[in-house]
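**Student:** Starting from the structure of chain A, add chain B where the hints point.
Read top to bottom, the protein sequences are chains A and B.
Residues in the first sequence are numbered consecutively from 37, following the numbering used here.
Residues in the second sequence are numbered consecutively from 0, following the numbering used here.
These aren't lab readings, by the way, just hints derived from the structure by calculation.
Be careful, since some hints might not be right.
Claimed, not checked - Computed beta-carbon distance windows for the label pairs:
{"hint": "1", "chain 1": "A", "residue 1": "Gln57", "chain 2": "B", "residue 2": "Cys137", "range": "41 to 49 Å"}
{"hint": "2", "chain 1": "A", "residue 1": "Gly178", "chain 2": "B", "residue 2": "Glu123", "range": "41 to 49 Å"}
{"hint": "3", "chain 1": "B", "residue 1": "Ala80", "chain 2": "A", "residue 2": "Ala312", "range": "58 to 66 Å"}
Backbone N, C-alpha and C fix where the C-beta goes; we use that ideal spot for every residue, glycine too.
Each chain, written out:
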Amino acid sequence: MNRFDYLRPASIAEAIAAAAQPGSAYLASGTNLLDLMKGDVVRPARLVDLGGLPGLDRIELLPDGGARIGARVRNADLAYHPEFSRRFPAVAEALLSGASAQLRNAATVGGNLLQRTRCAYFYDPASACNKRAPGAGCDARGGENRLHAVLGWSERCIATHPSDFCVPLAALGAVVEIEGQAGRREVPLEEFHLLPGETPERESVLAPGELVVALRLPAEAARFAAHARYVKLRERTSYAFAVVSAAAGLRIEQGVIAEARLALGGVAAKPWRARAAEAALAGARPDAASFRRAAEAALAEATPSGDNEFKIELARRIAARALALAAIGTPERLPALPASPFAPVPGAPLHG
Amino acid sequence: MARIHVTTTINGEPMEFLCEPQQSLLDALRNNLGLTGTKEGCGTGDCGACSITFDGRLTCSCLVLAVEAEGHEIGTIEGMAQGETLHPLQRKFLEMAALQCGICTPGVLIAARALLEKNPDPTETEVRFGLAGNLCRCTGYDKIVRAVMETAAEMRETAS
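Here chain A stands alone, though its shape is the one from the complex:
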């Protein structure tokens, strides 16, 4: 790890002023940043520790049915908050499907948004990576790329965003509260992460020094509580990143889908809200045929970025599975293996 200056500011204004200096990085819990620093993938000259800042660790359940989550709230605290998980069960399920008990206890919601891709070429300083060293090229293009993006990728970068948490947040229309030298602003989560285009090193809309202070889930997001699931396909049953994942929420009225929400994970450089699929489901019957049609709409623009064509059909199936599970209803308590695709879907064939 490189040498760096360590600062522990006592106010948000002080933190922002320090972090606006070139070479600075915010330190939340460090589960991703310190790992990257140990591997010499990033070398900040100054760490601005958020551990001393007041007011960033609150979970506020708003009277209108929404919620406001401070940026330093730990993943485990949010997932196990009884009222939060009752209002937003797919968010809790996504949080618990990620990482390990140790990491969920440490990792923060702000850090989760800003975690870096797990593309192996990004992590390896000896490989070419446009994200790590702009203009260097992309060794993933001709390399091991079976887990890379199938939506929204560019010639410059085919990495995916690894978050589970962000997938239901995108589906539910979460809003990111940001504070910076120019003041406070809000950005919908759907617009917070950037697709790679020509500048894959730019991963979010944050300007230098800007700090995520909170996340908000709007009141209407809680209307999906009775029919909300997250399903995550991994290469082993737990403690692995998603190959593909999906968050689904349905509002069912008189046997018909009044409103649907769907987002995909592991397919792009951002959590992928599938608005075309949502539109296809409005007014449809909640059955296998509707879910398959929606899944096809969700992946209509998908193209392989390498040896990963299989992910497109896999993503369709996981999307349809998440919708089918959501239609059955949110379970009373979270399953012992959250988001497991092995959970049976009554009356449905295992594939298709």
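**Tutor:** Using the frame of chain A, we list chain B on its own:
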């Protein structure tokens, strides 16, 4: 940057040490304070050998900076037994030989204690899910899971 003075509490005892900004808490525990019960496996938060509690929360000490311990309470494997009296998990692990080379054992014990504090009556799936962040490269999981289940049953009996 000069060495930083850290005042903290470790296993209930007030403690101070000097560290470099880039030292991990794991490194400071082992090399500055001589508490070598906590092990380094991967150093990247994947294996759980460095598990400790930080203000009572199970976490990986390899991904915490030593300076972050300032003002907080750290719990390590050295604090698990009460004097000569082993924790029920430690006793059961010995009794059932729930270890092979032993490198993962301190982390597994700390994680298992955290699991049973939250859930005193876990199913086998819940134990396996709760300990997913502790890798045993000897692959001795079966005995570990059985020892945790047995300890949980014994602790429930003692409590009732």
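**Student:** Does each hint hold? Answer for all of them.
**Tutor:** Here's how the hints hold up against the structure:
{"no.": "1", "hint": "Gln57(A) <-> Cys137(B): 41 to 49 Å", "verdict": "holds (47 Å)"}
{"no.": "2", "hint": "Gly178(A) <-> Glu123(B): 41 to 49 Å", "verdict": "holds (44 Å)"}
{"no.": "3", "hint": "Ala80(B) <-> Ala312(A): 58 to 66 Å", "verdict": "holds (60 Å)"}
No hint from the list above goes unmet by this structure.
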